[in-house]
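Enquirer: Here are the chains, one letter per residue:
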Amino acid sequence: MSTRDRTAIPPRRRRPRGSRAERFAPLVLLAPAVLIIVGPRLWPLVLGINFSFTGDGDRDGTAVGFDNYLTLLGDPLFLTALRNVGLLVLLLPVAVAIPGLLATFLHLKVPGHRVYRGVYFFPAVLSPVIVGAIFTLLLAFDGPLNTVLGGLGIGPVDWLGDPDVAIFAIVGVHVWATFGMALVVFLAGFATLDPSLLDAAEVDGATLPQTIRHVIVPGLTRTIQFVFVTTLIGMLTSMFGLVYVMTSGGPEGSTYLPEYYVWIQQGQMNQPALASAASTALFLIMLVVGLAQIAVLRRTGGED
Amino acid sequence: MKQRTQWSAALAAVLVLTAGCGSAAGPGSRSGGPADKLVVWDWKSGDAKAAGYVREAKADFAKKHPGVAVEFVAQPFDQYYTLLGAAIQSGRGPDVVLFNGGGQIRDRADALAPLDSYVAEDRQRLAGWDAFTKSGKVYAAPVTLQGHPLYYNKDLYRKAGLDPEAPAATWDEFVRDCATITEKTGARCFALGNKEGIGIQFWLSALGSAVLTPREYDDWVGGKRDWSSPDVKKIFELWRQAGESGLNTDGANSTAMFNDAFAAFNSGKAAHVIGLMSDVGHWKDFAEFLTPDNVGVRNAPSVNPVAKPSLPYDGGIGYAVAKWTRDPKQAADLVRSLTSAGALEAFHRDGGAIAADTTIGTSAGGPAVRTIVSEVKAGKPALHVALGSKTIELMGRLSQQLLSGSATVDDALRQLAASDKTG
Chain A
1 MSTRDRTAIP
11 PRRRRPRGSR
21 AERFAPLVLL
31 APAVLIIVGP
41 RLWPLVLGIN
51 FSFTGDGDRD
61 GTAVGFDNYL
71 TLLGDPLFLT
81 ALRNVGLLVL
91 LLPVAVAIPG
101 LLATFLHLKV
111 PGHRVYRGVY
121 FFPAVLSPVI
131 VGAIFTLLLA
141 FDGPLNTVLG
151 GLGIGPVDWL
161 GDPDVAIFAI
171 VGVHVWATFG
181 MALVVFLAGF
191 ATLDPSLLDA
201 AEVDGATLPQ
211 TIRHVIVPGL
221 TRTIQFVFVT
231 TLIGMLTSMF
241 GLVYVMTSGG
251 PEGSTYLPEY
261 YVWIQQGQMN
271 QPALASAAST
281 ALFLIMLVVG
291 LAQIAVLRRT
301 GGED
Chain B
1001 MKQRTQWSAA
1011 LAAVLVLTAG
1021 CGSAAGPGSR
1031 SGGPADKLVV
1041 WDWKSGDAKA
1051 AGYVREAKAD
1061 FAKKHPGVAV
1071 EFVAQPFDQY
1081 YTLLGAAIQS
1091 GRGPDVVLFN
1101 GGGQIRDRAD
1111 ALAPLDSYVA
1121 EDRQRLAGWD
1131 AFTKSGKVYA
1141 APVTLQGHPL
1151 YYNKDLYRKA
1161 GLDPEAPAAT
1171 WDEFVRDCAT
1181 ITEKTGARCF
1191 ALGNKEGIGI
1201 QFWLSALGSA
1211 VLTPREYDDW
1221 VGGKRDWSSP
1231 DVKKIFELWR
1241 QAGESGLNTD
1251 GANSTAMFND
1261 AFAAFNSGKA
1271 AHVIGLMSDV
1281 GHWKDFAEFL
1291 TPDNVGVRNA
1301 PSVNPVAKPS
1311 LPYDGGIGYA
1321 VAKWTRDPKQ
1331 AADLVRSLTS
1341 AGALEAFHRD
1351 GGAIAADTTI
1361 GTSAGGPAVR
1371 TIVSEVKAGK
1381 PALHVALGSK
1391 TIELMGRLSQ
1401 QLLSGSATVD
1411 DALRQLAASD
1421 KTG
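For the protein sequence lines, the chains are A and B, in the order given.
The numbers in my numbering rise by one with no breaks, and the one at position 275 of the first sequence is 275.
Remember, my numbering sits 1000 above the position in the second sequence when you count from 1.
Source of the hints: derived by calculation from the structure; they are not laboratory data.
None of these values were measured; they are calculated from a predicted model.
Incorrect hints may appear among the rest.
To be verified - Simulated crosslink set (DMTMM-like; lysine to aspartate or glutamate; CA at most 20 Å straight-line):
1. B:Lys1063 - B:Asp1333
2. B:Lys1233 - B:Asp1219
3. B:Lys1377 - B:Asp1333
4. B:Lys1390 - A:Glu259
5. B:Lys1058 - B:Glu1071
6. B:Lys1137 - B:Asp1122
7. B:Lys1421 - A:Asp75
8. B:Lys1390 - B:Asp1226
9. B:Lys1224 - B:Asp1130
10. B:Lys1184 - B:Glu1165
11. B:Lys1390 - A:Asp142
12. B:Lys1233 - B:Asp1218
13. B:Lys1390 - B:Asp1078
14. B:Lys1063 - B:Glu1345
15. B:Lys1390 - A:Asp60
16. B:Lys1234 - B:Asp1411
17. B:Lys1308 - B:Asp1226
18. B:Lys1323 - B:Asp1293
19. B:Lys1134 - A:Asp60
20. B:Lys1284 - B:Asp1260
21. B:Lys1329 - B:Asp1110
22. B:Lys1037 - B:Asp1327
23. B:Lys1137 - A:Asp58
24. B:Lys1134 - B:Asp1110
25. B:Lys1234 - B:Asp1172
26. B:Lys1134 - B:Asp1116
27. B:Lys1323 - A:Asp60
28. B:Lys1159 - B:Asp1293
29. B:Lys1284 - A:Asp75
30. B:Lys1390 - B:Glu1196
31. B:Lys1037 - B:Glu1056
32. B:Lys1269 - A:Asp142
33. B:Lys1058 - B:Asp1122
34. B:Lys1390 - A:Asp75
35. B:Lys1421 - A:Asp58
36. B:Lys1134 - A:Asp58
37. B:Lys1137 - B:Glu1121
38. B:Lys1323 - A:Asp142
39. B:Lys1421 - B:Glu1216
Next up, chain A with everything else stripped away, as it sits in the complex (with noise of 0.2 Å):
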């Protein structure tokens, strides 16, 4: 509103109403903005976490307080997939390492590094769907995997039906299928790095070992942290196709994830209110993986 629209008018009726209309001006600006936030985005949220403090079956809709959460404590099968949660954390490093080394080589400009790049996002694009299908196939006990093994002398493995094996079995799959995206991000993170440094370490005569360990690694410190951050975050989040495809959770319930638990709780036994406790603890877990990280960002972030 100009100058001259607001002499235009007598200020004397005009003036407290324009200043009220300033007052809320920015709250109705803003409106849009916050509704899409609340309304599909929080609400369902509060909904969903309030719903896990009811019951199902003969006490559905009564408050039960935290029963739903002691019974998630009492369940092995819950237990089983937050300890395989603790394990796809410990498995972390390996899966940013192998993006990690392959990069490196790619951008040591290995011979056929160009194909080799393709080769390896190639499985980026595939669905969990299809890659569970393809290792199924791969993987099964008169596969051919097994068969190349048993060529080799080295006794069939029952990759998917071993309870102490399947889950290993999993996350290499997901490894596989999903390295792709760290591996280009590592590629533009080896585009930062100030290649007289190699140069360098080539002239001191530095080993690959030792050039990795005293130049790239150092050199490459917030993309690390990238990928470590998105790998765990794909690794809770989108695993689910590949344990429905390739265990169904079994063998033994040794492949259980959250999600699947929180899955077969509310599409298979009937108990939304108890799939809503799980995923509920599933969100905190993603959320204290958040905040850690939005910390280990925020500090690397200070340091340059």
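Position chain B relative to chain A; hints supplied.
Expert: Here is chain B on its own, set in the frame of chain A:
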């Protein structure tokens, strides 16, 4: 950061204050669709094989209620009970709902209208009502029968020099014949897929009538289950032994029952498989690969001389009426049309299911289907169908442990007894 913490604290406070105030959508908000239209949820009607069935049922219903439109909504089976759970939570959704018999419908009976007064006339004509009954009330009318016949490959029997028309009557003879078949043809005794823990359900039901006394069997189905009885223990002991002694195909814990185990049977890698009566993994599927004349069906070989082996079967799928529908009588009439003789005959003919109406003709189906239909009269409800879904899920996991040797039969039975008691 500090401000964000305050916001988080405020949000948390709101959550704690409102915690437990009620379900996401209370059961009070029930409402049905308009009375001139009925919505049916299923996972069948999208299938081309079900087109004739749907047409027959619609025509039958149109005769009774000419002005009422019927809409079939085919949901993906993978997501069916998840979607249905959401509909039940919100208290609105389809008027007529397709269900699997047993735990799936009993767990959700709260959301359904009892049909006893509407379907009284059909009680004699149709079989398999038990699977849709809870606390004495019927919640759905059966469309197909589902059960677990023991199928065998007559060709492998012949190759092993055995008479396929007179398979072994007792368990010991059966195991001996299996050894002969494996020796002569390389095929295993059982094609087993237990990746999802389904294998044990089939095993329990197929072998149950050959191990339990008729009294024990009826008690089990009636809810009086003694998990510590020697006969019950025997069923699980046989399961463990079959795995240990190599009767099963390799890698059972990583083989999917649907359809890798059935594929192993179809390709002659195993002489027997505990299959289904309807839908998939049944006489029609096997006949496509092995030819109808090579598919044999039999009751389980006798383990306990006092037991009376019979065909374990229940109502397979059936249509129920949702509690929130506006006119339950009208919806029940649609259920009756969906289970009318004409519709079920089309379902049997096109879909290859054993229809709940055993009076319809089955002569075109080959020798296996004739054997199955003839056994229906003496058949009994399957043992695993009587169990709750939690116990079923636990049994699946324990069965995998029994195969891998990481649990003992006693330990498994103790856990199952505890789970069965709490429901």
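Enquirer: Lys1134 of chain B and Asp1110 of chain B: Cα distance at most 20 Å?
Expert: Holds, at about 10 Å.
Enquirer: With a cut-off of 20 Å on the C-alpha distance, tell me whether Lys1284 of chain B and Asp75 of chain A pass.
Expert: Status violated; Cα separation ~41 Å.
Enquirer: Is Lys1421 of chain B close enough to Glu1216 of chain B, meaning Cα to Cα at most 20 Å?
Expert: Given that 20 Å is the threshold and the Cα spacing comes to 17 Å, the pair holds.
Enquirer: Given the hinted pair Lys1234 of chain B and Asp1172 of chain B, is their Cα-Cα distance within 20 Å?
Expert: Given that 20 Å is the threshold and the Cα spacing comes to 14 Å, the pair holds.
Enquirer: Between Lys1323 of chain B and Asp142 of chain A, does the CA-CA distance stay at or below 20 Å?
Expert: violated, 49 Å
Enquirer: Checking one constraint from the list: CA of Lys1063 of chain B to CA of Glu1345 of chain B, max 20 Å. Satisfied?
Expert: holds, 18 Å
Enquirer: With a cut-off of 20 Å on the C-alpha distance, tell me whether Lys1184 of chain B and Glu1165 of chain B pass.
Expert: Given pair Lys1184 of chain B, Glu1165 of chain B holds - Cα atoms ~19 Å apart, limit 20 Å.
Enquirer: Does the structure keep Lys1063 of chain B and Asp1333 of chain B at a Cα separation of 20 Å or less?
Expert: With Cα atoms ~11 Å apart, Lys1063 of chain B and Asp1333 of chain B stay inside 20 Å; holds.
Enquirer: Is it true that the CA of Lys1390 of chain B sits at most 20 Å from the CA of Asp75 of chain A?
Expert: holds, 12 Å
Enquirer: Between Lys1134 of chain B and Asp60 of chain A, does the CA-CA distance stay at or below 20 Å?
Expert: Holds. Lys1134 of chain B to Asp60 of chain A sits at ~19 Å (cutoff 20 Å).
Enquirer: For a C-alpha distance cap of 20 Å, please report whether Lys1329 of chain B and Asp1110 of chain B respect it.
Expert: holds, 18 Å
Enquirer: Does Asp1219 of chain B lie within 20 Å of Lys1233 of chain B when you go C-alpha to C-alpha?
Expert: Holds: Lys1233 of chain B and Asp1219 of chain B sit about 16 Å apart, inside 20 Å.
Checked against the numbered hints given earlier, this structure breaks hints 3, 11, 18, 29, 38; the rest are met.
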